[in-house]
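Trainee: Here is how the chains run, residue by residue.
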Amino acid sequence: MNRLIYIATRLLKTGLVAVAVVLLSFFLIRLAPGDAAVVMAGQSGYADETFVKSLRAEYGLDQPLPVQLWKYVTAVAHGDLGTSYERREPVLKVILERLPNTLLLDAFALLLAMSGGIWLGALAARRPGSAGDAGVTVLSMLFHAVPQFWLGMMMVLVFSIWLAWLPPFGIATMGADYAGLARLADIARHMILPGVTLALYYLAGYARLTRTAMIEVAELDFVKTARAKGIGERQVARRHILRNALIPLVTYAGLQASILVGGSVLVENVFSWPGIGTLAYEAVNARDNPLLLGIFMVTALLVSLFNLITDISYSIADPRVEVGG
Amino acid sequence: MLGRRAVLGAAAAMPFAAGCTRSSASGSARGGVLNAMMADEPATLCYPLLNTRLTQEICGNINESLLLLDWQFKPQPNLARRFTVSPDGLTYSFHLQPGVRWHDGAPFTAHDVVFSCDVMLRQLNPRSRNAMAHCETIRALDPLTVEFRLREPFNAFLLSLMASCAPMMPAHIYEGTDFRTNPCNVRPIGTGPYRFARWERGQYIHLTRNDHYWRASQPRLNDIYFRLCPTPEQRMVALETGAVDVAFADDIDTVVTSRLLANPDLIASSRGYEGVGEITVLEMNHRRWPFSDRRFRAAFMHALDRDFMVKAINFGQGKVATGPIPSSAPYYDPKVLTLYPHDPVRARALLDEMGLKPKRGGVRHRFGFLIIPNGGGTWTRMAQYIRQAVAEVGLDMVLESSDLPTFSRRTGNWDFDMDCNSYGEYGDPAIGTSRFFLSSNIRKGVPLTNIQGYVNPDVDRLFTQAAVATAPGEAQACYSRLQQILTRDVAMLWMYERAPLLFQHRRVHDLVSGPNGPTDGLGRTYIA
Amino acid sequence: MKDFARAFLSRPGAILGLCVFAAIVAIALAAPFIFARGPFIIVGMPLLPPGAPGLPAGSDVLGRDMIAGLAFGARVSLLVGVTSTLVAAGIGVLLGAAAGYYGGLVDDLLMRVTEFFQIIPSFVLLMVLVAFLKPSLASTVIGIALVSWPQVARVARGEFMALRAREFVEAARTLGESDVHIIFAQILPNALPPIVVVSSMMVGSAILTESALSFLGLGDPNLMSWGSMIGGSRSAMWVAWWTTVLPGLAIMVTVLALNFVGDGLNAALHPRRHR
Chain V
14 MNRLIYIATR
24 LLKTGLVAVA
34 VVLLSFFLIR
44 LAPGDAAVVM
54 AGQSGYADET
64 FVKSLRAEYG
74 LDQPLPVQLW
84 KYVTAVAHGD
94 LGTSYERREP
104 VLKVILERLP
114 NTLLLDAFAL
124 LLAMSGGIWL
134 GALAARRPGS
144 AGDAGVTVLS
154 MLFHAVPQFW
164 LGMMMVLVFS
174 IWLAWLPPFG
184 IATMGADYAG
194 LARLADIARH
204 MILPGVTLAL
214 YYLAGYARLT
224 RTAMIEVAEL
234 DFVKTARAKG
244 IGERQVARRH
254 ILRNALIPLV
264 TYAGLQASIL
274 VGGSVLVENV
284 FSWPGIGTLA
294 YEAVNARDNP
304 LLLGIFMVTA
314 LLVSLFNLIT
324 DISYSIADPR
334 VEVGG
Chain G
8 MLGRRAVLGA
18 AAAMPFAAGC
28 TRSSASGSAR
38 GGVLNAMMAD
48 EPATLCYPLL
58 NTRLTQEICG
68 NINESLLLLD
78 WQFKPQPNLA
88 RRFTVSPDGL
98 TYSFHLQPGV
108 RWHDGAPFTA
118 HDVVFSCDVM
128 LRQLNPRSRN
138 AMAHCETIRA
148 LDPLTVEFRL
158 REPFNAFLLS
168 LMASCAPMMP
178 AHIYEGTDFR
188 TNPCNVRPIG
198 TGPYRFARWE
208 RGQYIHLTRN
218 DHYWRASQPR
228 LNDIYFRLCP
238 TPEQRMVALE
248 TGAVDVAFAD
258 DIDTVVTSRL
268 LANPDLIASS
278 RGYEGVGEIT
288 VLEMNHRRWP
298 FSDRRFRAAF
308 MHALDRDFMV
318 KAINFGQGKV
328 ATGPIPSSAP
338 YYDPKVLTLY
348 PHDPVRARAL
358 LDEMGLKPKR
368 GGVRHRFGFL
378 IIPNGGGTWT
388 RMAQYIRQAV
398 AEVGLDMVLE
408 SSDLPTFSRR
418 TGNWDFDMDC
428 NSYGEYGDPA
438 IGTSRFFLSS
448 NIRKGVPLTN
458 IQGYVNPDVD
468 RLFTQAAVAT
478 APGEAQACYS
488 RLQQILTRDV
498 AMLWMYERAP
508 LLFQHRRVHD
518 LVSGPNGPTD
528 GLGRTYIA
Chain U
3 MKDFARAFLS
13 RPGAILGLCV
23 FAAIVAIALA
33 APFIFARGPF
43 IIVGMPLLPP
53 GAPGLPAGSD
63 VLGRDMIAGL
73 AFGARVSLLV
83 GVTSTLVAAG
93 IGVLLGAAAG
103 YYGGLVDDLL
113 MRVTEFFQII
123 PSFVLLMVLV
133 AFLKPSLAST
143 VIGIALVSWP
153 QVARVARGEF
163 MALRAREFVE
173 AARTLGESDV
183 HIIFAQILPN
193 ALPPIVVVSS
203 MMVGSAILTE
213 SALSFLGLGD
223 PNLMSWGSMI
233 GGSRSAMWVA
243 WWTTVLPGLA
253 IMVTVLALNF
263 VGDGLNAALH
273 PRRHR
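Protein chains in written order, with this note's numbering: chain V, 14 to 338; chain G, 8 to 535; chain U, 3 to 277.
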């Protein structure tokens, strides 16, 4: 029962966050200096007053701000996020076209980061203070200090320009038009460089966290008991220490989600990965307000949804978690 | 095509070189697929609705114009098989090719021409509006004859029926519909050598051969793909690896020119954009001092080493501009121009003379410079060079970066000191040049007009006279005088003429057949 | 304090970080004197390789001295890193203190706002903010501060919550001291060390964020920054590796040094957690 109330309040909170996102981004973006009508007119190479005026009326830019907000909110409630100025297509459609690519890349990166990080962290925790431990610490600090976009460019420089092993840009080989399995393999090849770039930053975080958690858990009574029982050191590490150390890692993943979106903007940009991140950058540059609003909302929703899931699974995984607040 | 090694030095020096002519001696190679690139996805493929370089490259294959330009800028038949102009310059009659059909099988008639020019283009395409404003009536005399009656003579009128200015649109599809939401906007219908086949979002736009094209010898390719390639690096790699066969203007960042010129599989050419005749310029807000002072503008010009700009910023593409009319275009008159060579000493003397003496820290004047947004490429490099160059003569230029809306709004509302841009002349000063100098085109809130606020009654009179001139030599006399006045006035700061390089793989032939380049369509292009 | 210093200095990483950081500060301060004509002066043809006469690190896409650019870039990075952290710490302490001190509804409300800022994709928000405020040094600093204060706010709140029940605070309250006085004069000095540590960690990430913004062309075009050096030579990478490799290394070394210092501070403050 308690857990149900907890989940319900978390759901309510997520809804409130979504409303707040809509309001904030709407006002933020309307304060912007640009006006899409002028841009669209400018794109044609020539412009005159009536042309600009007709565009402005077409997109409702000539109406007062509260009216625009009201229209926007009611439309959003109906699942209509407006029409992109730049693409002249429904915003939701544009976003949904790109979203799977971002989710694919992010999921791959997260998986890579978690598995690699936990492995490295466990390695370091086994013998705290050893050279291996110090190595992991230094490595994790290094990846936290490298600008992600630059790391991506270095990947391109080494693996694409110098060694010519992996494709540097895009999601698929241009012009190949593969189908079926060959297409999947092609996408996988293209995902390696951006995925690894994105993962290395979080990998460092996971390694540090795993190391700390495992050292702490290793000092707890039940682990000492297990050791005393004569269970092998490897098994103690895997069965008892790692499992308990995993709990904070789940929360960490939730917290990282919003940062992951930011990292995607940069890494997708470097690798021309056709996802939400590239779309956000294009939208900012083109001052495509409805699209930007949409991206903002969809990503914020996704992140809070992800948080919701990690929170709930956390509460299930660890019964000691305080329910409420 | 010019050889790739010769191209940088020679191309600009001989604008009418016989390298590419409309008639090609090559055999009858047919078939094959051509891969080209698009830097971003167009919002629509409705040509009049979105008339940018990208849609021109794609839709140029689908929607044809009545006339084409040859290398001498003389009108040549296209959908119009011949035309007549009355001696008073008021009546233009066009006789259409018989037997032309739209891609959906409907016949192409004079009614389509009237609808395109009088309704659709006039309503949607600001550039056509300008030209069509000269027309009193546009009528179909019979199914294959169209007559345009002008209010007063306009000697550049034929040019406004070229490629990108007046693509013919199907009346039976668009008439009576909402042009902005017509479903054909994303699967366009035209009369051109290639039909629209498929638009795979985020990947490519596919055109396929029009088997019923009215020119029996064309098209020669089977398919054309425009593949999405959003970043310059990506486009360069695509070209190097052979994933695409051609790179059009601005597809490739000039920084990597040397790398591509060294590639034996590629041929470079700087022909094909003379029809646009683009000049990169700096604009000053003449309403504000000291920009209102001719001496300041002259000093600014003398402070810049424009040879260096061409060599180091554009990596050799293009040439220094000498005035408002590109050196490759009609009416260009090098004899009357006032030139402004790199001469910092002279620049300082001019600034001293106008009383703009160095103050604290050696700074004479501080002002803003609005950069056109392009993600750190050529424009930013140019702005940073200029800032440094004018610092040498005591001017403190503050760079302001912006996004496209901000740029358009601030320039349109005259809220700037200086800005930079690149303007096409489109074959005739009456189409592409006069708009920046006529005092009647000072229109607050509208970008791409006379935003400088340049006012000179002589210039107004000469531009008006030149556009309506019918006597031989009269227009030339007016434009010569205009070039003299405008360069003496430093009415605008002309930096360089753009001659962007096109790259193509060796197996591609006849890519460009006139000064409008890919905009004319790739009907004659073949692979061998 | 003495213990703190000893604990800090006992960590070789922290000392090394401090030394490197000091060297970078020295370079940043000395840059205008060594390269009197600024980082934008054109000294030769573009893309000359390192080792060309007078150009130990080569020239960039416009024929400018890479070394001068790197030296001036340090100024921007450090300036943005430090000022934006100070602003963020200011906002964070203010909100965190209010939430922790008053508790109840105020706490609830402020923490919801903090959570909100942590949940929304901050880099997208930052791009929007900077683009709308017009890219400049000030908008970069304000933007970074606005998306990074929640970290400080959480730490401050925790400290204030723990400290508000302590005897010296109770004593001040019975003496009739005002809330403002208690917050700033009584609790804040005691809450400061952990706030300083968390802030020191933020300088490095602020530098990274600044470089990312400049890389995307959202930096001040009048300043030579490491991020804009990389962003401006994205295509040049294919013909001249040094134009992108060197500024990236500069960012990495700086942030690494700062993180080692922050790590040292953290360890000195919580000696039990580290061994």
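Do not take every clue at face value.
Each pair of labels, with its calculated beta carbon distance range [as the list claims (entries may be wrong)]:
hint	chain 1	residue 1	chain 2	residue 2	range
1	U	P34	G	K451	38 to 48 Å
2	G	R194	V	L82	47 to 57 Å
3	U	K136	G	D314	39 to 49 Å
4	V	Q81	G	A223	50 to 60 Å
5	U	F35	V	L124	49 to 59 Å
Derived pair list, reagent style DMTMM-like, types lysine to aspartate or glutamate, alpha-carbon separation capped at 20 Å [what the hints assert, rightly or not]:
hint	chain 1	residue 1	chain 2	residue 2
6	G	K318	G	D340
7	V	K66	G	D47
8	U	K136	V	E295
9	V	K106	G	D350
10	V	K106	G	D422
11	V	K106	G	E48
12	V	K26	U	E169
13	U	K136	G	D422
Sample of chain G residues facing chain V (criterion: CB under 10 Å; computed from the structure) [said to hold, decoys possible]:
hint	residue
14	D47
15	A50
16	D125
17	V126
18	T184
19	C191
20	R194
21	A204
22	Q210
23	N229
24	R234
25	Q241
26	D312
27	R353
28	D410
29	T413
Simulated from the structure, these hints should not be mistaken for lab results. Just so it is clear, CB atoms sit at the ideal spot from N, CA and C, and this is done for glycine as well.
Trainee: For every hint, state whether the structure bears it out.
Mentor: Structure-based check of each hint:
{"no.": "1", "hint": "U:P34 with G:K451: 38 to 48 Å", "in the structure": "holds, 42 Å"}
{"no.": "2", "hint": "G:R194 with V:L82: 47 to 57 Å", "in the structure": "violated, 36 Å"}
{"no.": "3", "hint": "U:K136 with G:D314: 39 to 49 Å", "in the structure": "violated, 33 Å"}
{"no.": "4", "hint": "V:Q81 with G:A223: 50 to 60 Å", "in the structure": "holds, 56 Å"}
{"no.": "5", "hint": "U:F35 with V:L124: 49 to 59 Å", "in the structure": "holds, 51 Å"}
{"no.": "6", "hint": "G:K318 with G:D340", "in the structure": "violated, 25 Å"}
{"no.": "7", "hint": "V:K66 with G:D47", "in the structure": "violated, 26 Å"}
{"no.": "8", "hint": "U:K136 with V:E295", "in the structure": "holds, 17 Å"}
{"no.": "9", "hint": "V:K106 with G:D350", "in the structure": "violated, 56 Å"}
{"no.": "10", "hint": "V:K106 with G:D422", "in the structure": "violated, 37 Å"}
{"no.": "11", "hint": "V:K106 with G:E48", "in the structure": "holds, 15 Å"}
{"no.": "12", "hint": "V:K26 with U:E169", "in the structure": "violated, 36 Å"}
{"no.": "13", "hint": "U:K136 with G:D422", "in the structure": "holds, 15 Å"}
{"no.": "14", "hint": "D47", "in the structure": "holds, 7 Å"}
{"no.": "15", "hint": "A50", "in the structure": "holds, 4 Å"}
{"no.": "16", "hint": "D125", "in the structure": "violated, 17 Å"}
{"no.": "17", "hint": "V126", "in the structure": "violated, 15 Å"}
{"no.": "18", "hint": "T184", "in the structure": "violated, 15 Å"}
{"no.": "19", "hint": "C191", "in the structure": "violated, 14 Å"}
{"no.": "20", "hint": "R194", "in the structure": "violated, 14 Å"}
{"no.": "21", "hint": "A204", "in the structure": "violated, 13 Å"}
{"no.": "22", "hint": "Q210", "in the structure": "holds, 8 Å"}
{"no.": "23", "hint": "N229", "in the structure": "violated, 15 Å"}
{"no.": "24", "hint": "R234", "in the structure": "holds, 5 Å"}
{"no.": "25", "hint": "Q241", "in the structure": "holds, 4 Å"}
{"no.": "26", "hint": "D312", "in the structure": "violated, 30 Å"}
{"no.": "27", "hint": "R353", "in the structure": "violated, 36 Å"}
{"no.": "28", "hint": "D410", "in the structure": "holds, 5 Å"}
{"no.": "29", "hint": "T413", "in the structure": "holds, 5 Å"}
Of the numbered hints listed earlier, those contradicted by the structure are 2, 3, 6, 7, 9, 10, 12, 16, 17, 18, 19, 20, 21, 23, 26, 27.
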